[in-house]
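Undergrad: So you can see what is in the structure, the chains are spelled out below.
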Amino acid sequence: MDALKNFIDTISSPQLFITATIIGFFVVMHYVRFFTKTPVFLTFLGLFTTFFLVSLTDDHFRKIVTLPDNVPIVGMLFLIIFFTWFSLRKGVDNDIRTEKGEPTFEKSEANEKLFVWPNLVYTEFLCMILATIVLLIWALALQAPLEEPANPTISPNPSKAPWYFLGLQEMLVYFDPWIAGVVLPVLIIVGLMAIPYLDKNKKGNGYYTFKERKFAIVSFLFGFLVLWIFLIVIGTFLRGPNWNFFGPYEVWDVHKVVPSVNINLSEIIFIKWFQTAMPRFWFTREIFGIILVFVYFGLIPIVLAKTLFKKFFMEMGAIRYGFLMMLLLTTVALPIKMYLRWLFNIKYIVAIPEYFFNI
Amino acid sequence: MATAPKKSLWENFRQSQIWKSIFRHGKPTDKRNRSLVILSNVFLHLHPVTARKSGIRISYTWCMGGLAFFIFLVEVITGVLLMFYYRPTAEYAFSDIMALRDHVPLGIMREIHRWGAHAMVIAVWLHMFRVFMTGSYKPPREFNWNIGVILLVLTLLLSFTGYLLPWDQLAIWAITVGSNMARATPFLGHEGPGASFLNIAGVSLVHSGDDVRFALLGGRFVGAATLLRFYILHCVAIPLAAAVLMAVHFWRIRKDGGISTPV
Numbered sequence: 001m002d003a004l005k006n007f008i009d010t011i012s013s014p015q016l017f018i019t020a021t022i023i024g025f026f027v028v029m030h031y032v033r034f035f036t037k038t039p040v041f042l043t044f045l046g047l048f049t050t051f052f053l054v055s056l057t058d059d060h061f062r063k064i065v066t067l068p069d070n071v072p073i074v075g076m077l078f079l080i081i082f083f084t085w086f087s088l089r090k091g092v093d094n095d096i097r098t099e100k101g102e103p104t105f106e107k108s109e110a111n112e113k114l115f116v117w118p119n120l121v122y123t124e125f126l127c128m129i130l131a132t133i134v135l136l137i138w139a140l141a142l143q144a145p146l147e148e149p150a151n152p153t154i155s156p157n158p159s160k161a162p163w164y165f166l167g168l169q170e171m172l173v174y175f176d177p178w179i180a181g182v183v184l185p186v187l188i189i190v191g192l193m194a195i196p197y198l199d200k201n202k203k204g205n206g207y208y209t210f211k212e213r214k215f216a217i218v219s220f221l222f223g224f225l226v227l228w229i230f231l232i233v234i235g236t237f238l239r240g241p242n243w244n245f246f247g248p249y250e251v252w253d254v255h256k257v258v259p260s261v262n263i264n265l266s267e268i269i270f271i272k273w274f275q276t277a278m279p280r281f282w283f284t285r286e287i288f289g290i291i292l293v294f295v296y297f298g299l300i301p302i303v304l305a306k307t308l309f310k311k312f313f314m315e316m317g318a319i320r321y322g323f324l325m326m327l328l329l330t331t332v333a334l335p336i337k338m339y340l341r342w343l344f345n346i347k348y349i350v351a352i353p354e355y356f357f358n359i
Numbered sequence: 001m002a003t004a005p006k007k008s009l010w011e012n013f014r015q016s017q018i019w020k021s022i023f024r025h026g027k028p029t030d031k032r033n034r035s036l037v038i039l040s041n042v043f044l045h046l047h048p049v050t051a052r053k054s055g056i057r058i059s060y061t062w063c064m065g066g067l068a069f070f071i072f073l074v075e076v077i078t079g080v081l082l083m084f085y086y087r088p089t090a091e092y093a094f095s096d097i098m099a100l101r102d103h104v105p106l107g108i109m110r111e112i113h114r115w116g117a118h119a120m121v122i123a124v125w126l127h128m129f130r131v132f133m134t135g136s137y138k139p140p141r142e143f144n145w146n147i148g149v150i151l152l153v154l155t156l157l158l159s160f161t162g163y164l165l166p167w168d169q170l171a172i173w174a175i176t177v178g179s180n181m182a183r184a185t186p187f188l189g190h191e192g193p194g195a196s197f198l199n200i201a202g203v204s205l206v207h208s209g210d211d212v213r214f215a216l217l218g219g220r221f222v223g224a225a226t227l228l229r230f231y232i233l234h235c236v237a238i239p240l241a242a243a244v245l246m247a248v249h250f251w252r253i254r255k256d257g258g259i260s261t262p263v
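If you're matching them up, the sequences are chains H and G in order. Numbering-wise, the first sequence is residues 1 to 359 according to this note's numbering. Numbering-wise, the second sequence is residues 1 to 263 according to this note's numbering.
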C-alpha cells in the first residue's frame, strides 16, 4: 500500500494530471455514446469513489480533504461529475431519438400544459425542504473554520485565495498577475456574456442534445471542466507551501525545493541561439516574442478563416468570427503556456519588466 | 330533523373572515382555483398559471436556479441574525465571532451562512451549466443569460467580501492574495502594464496610494478600513444590486416565454 502511494506521489505532477485530463476529456467527448452508457459511467464513478474512499485511510489525504472549507469542493466534484454525465446522457438519448425520426423527449411533452399548482410548486417546495435539511445537517456536523486572529505580520504558507478563485491562482503559475488576475477573469465574464451572440446555431434550444451542438458544448465544457473546475481541484488539494505541487499522499513540506530554471524566450533566442549579448532596448530585445504574439492572435484567425474554418467565417461574419477566435485562442493560450513551461522552461514569451508587461 | 354534517375546526377557520381576507380563492383542486392561487399571491405569481410539461420536469431544470434563489434567501435571513452579534471593527470583529461560537446556544447561524455561501456558488454554477446544456441562452433569452452572468459575478463577490469578515488569519490572507492581483490591473494598478505612462513630468499618477487596489481596500494593506468597506459591500451594496437584478432575471424568464422548451 505504501509502495503504491509512493508511486502515485512520485508520478504526480501538474504535467501528468493536466495532460491526462485534456486527453481524457477529448476521449470522452469523442466516444460520448460509450462513456454515457449507465454501466460504463457507474463503473468509472465506482472506481473514482473507491479511490477516494481508500485514500481517506491516508492521514495526509484525509487531513486536506476534510478541512471544513474543502469539504464543499469534494461535494462539488461529485455533483459536477454526476451532472456532466446526466446532461450528456440526456443529449445522447435525444440524438438517438432524432436519428430514428422520433421527436426529442422534450418535444414529445412540450405541447402538454400542466397547472403550475401543484405540478411545479410542489417540486420547488420539496427541493427547498431537502436543501434546508442538507444545510442543517452540514452546519451541525461541520463547524465553520476560525483560525488565529488576523495578523498582518505573519503570512500563512500557503496563502490561498477563496476556493472559487483557486483556478485563477493556479493560472498565476503560468501568467503574470495582470493576465491571470485581471485580463483572464474579464475575458471569462465577457466571453460568457458573448456566448448567445456568437452561437448562431438555431438547433438545440430548449432540449438536451450533443450532436446538434457539438462544437459549442465541447468548447464550453473544455473551459468549464478542464480549465476552471479541474484547476480549482489542483489548487485546493495539490498545491502546498510556496504553491509547490504535492502528490495526494505527500506531506506538505515547507522546505520542499523545486528548482526554478525558467528563462525568457528572448534569452533563448539571443544567448542560446545567436550567442550574443541581449540588446539593451526592450523593443529589439523582445521583437521575436512580439511577432510571435501577433502571429498567434492576428495571423492564425486569418489562415483558419481561409482554410479550416471557412464555413464558420462565412456563416458568422468577420466581427463575430474575430471575436470568437480571440476568445478561443486566449482559452487555448493557457494550456499552450503550460506546455511551453514544462517542455522548454519558457517563462515569458514577451518580457518587458520595464513596463510590467510580461506575457 | 336533519342536521348539517359537522365541519371540522379547520374547515370553519377556512370560512372565517380572517382567512378569506388573506386568501381570495378556494381550495386549489379545480382549474379556476389553481389559477387563482397563483394569480392572487404576490410570491407565487412569479410563476405562470400553466407551463409546458417538458419545462417543469426536475430532470430538465435540476431546480438549480430555484435553489440558488432559495439559498440566497437563507443567506439573507441568517445574515441578518449574524449582524445582531457582529461589529465590523478591527477590535471587535474577531472576538464577536468567538463569542458567537462559544456563548450563543445552538449557534449554528454562522455555519449555515458559511456553508450556504459555498452551496450558493455551486448552485449558481450548476444552474449556468444546465442553462448552457439545454441551449436556453439562445434567442429570445440572450439578454437574460447576460443578467445571469452578472448575477454569477455578484454571487462570487458576495462570497469574497464575506470571507474577510471573521477577521482571522484565513480571512485576511485570502483577501490579501485575492486582491493582490488588482495591483497589476493595466493602467489602473501601480504594478500594471501602462501605469508608468500615466505621469505628469515624471511624477506618476498611479501609485500604491491611489490605485485600484487602494480603492478596493481603503488602504495599502488589508486593514480596518477594508473590513468596513467589505462589510458594507457584503451586507448592503451587493445584496441590493443582486436583488434588483434577480427581479429583472425572473421577470425576463416570463417575458421571454417561460422556462425554455423546444420550439
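It is worth saying that the hints were derived from the structure and are not from the lab. Every residue gets a Cβ at the ideal spot worked out from N, C-alpha and C, and that includes glycine. Among the hints, erroneous ones may be present.
SDA-like, lysine to any residue: derived pairs with alpha carbons at most 20 Å apart [what the hints assert, rightly or not]:
#1 H/Lys203 with H/Asn111
#2 H/Lys347 with G/Thr50
#3 H/Lys107 with G/Val244
#4 H/Lys63 with G/Glu191
#5 H/Lys214 with H/Lys347
#6 H/Lys107 with G/Thr50
For the chain G half of the interface with chain H, some residues (derived, Cβ under 8 Å), not all of them [stated by the list, open to error]:
#7 Arg87
#8 Thr89
#9 Tyr92
#10 Phe94
#11 Asp96
#12 Phe129
#13 Gly194
#14 Asp256
Simulated coverage check for chain G against chain H, where a stretch passes if three residues somewhere in it have a Cβ under 8 Å from a Cβ of chain H [claimed, not checked]:
#15 79-85
#16 169-182
#17 239-252
Undergrad: Hint by hint, note whether the structure agrees.
TA: Status of each hint after checking the structure:
no. : hint                   : verdict
1   : H/Lys203 with H/Asn111 : holds (18 Å)
2   : H/Lys347 with G/Thr50  : violated (59 Å)
3   : H/Lys107 with G/Val244 : violated (34 Å)
4   : H/Lys63 with G/Glu191  : violated (37 Å)
5   : H/Lys214 with H/Lys347 : violated (35 Å)
6   : H/Lys107 with G/Thr50  : holds (17 Å)
7   : Arg87                  : violated (15 Å)
8   : Thr89                  : violated (12 Å)
9   : Tyr92                  : violated (11 Å)
10  : Phe94                  : holds (4 Å)
11  : Asp96                  : violated (11 Å)
12  : Phe129                 : holds (6 Å)
13  : Gly194                 : holds (7 Å)
14  : Asp256                 : violated (11 Å)
15  : 79-85                  : violated (count 0)
16  : 169-182                : holds (count 12)
17  : 239-252                : violated (count 0)
The structure is inconsistent with the numbered hints 2, 3, 4, 5, 7, 8, 9, 11, 14, 15 and 17, although it conforms to all the rest.
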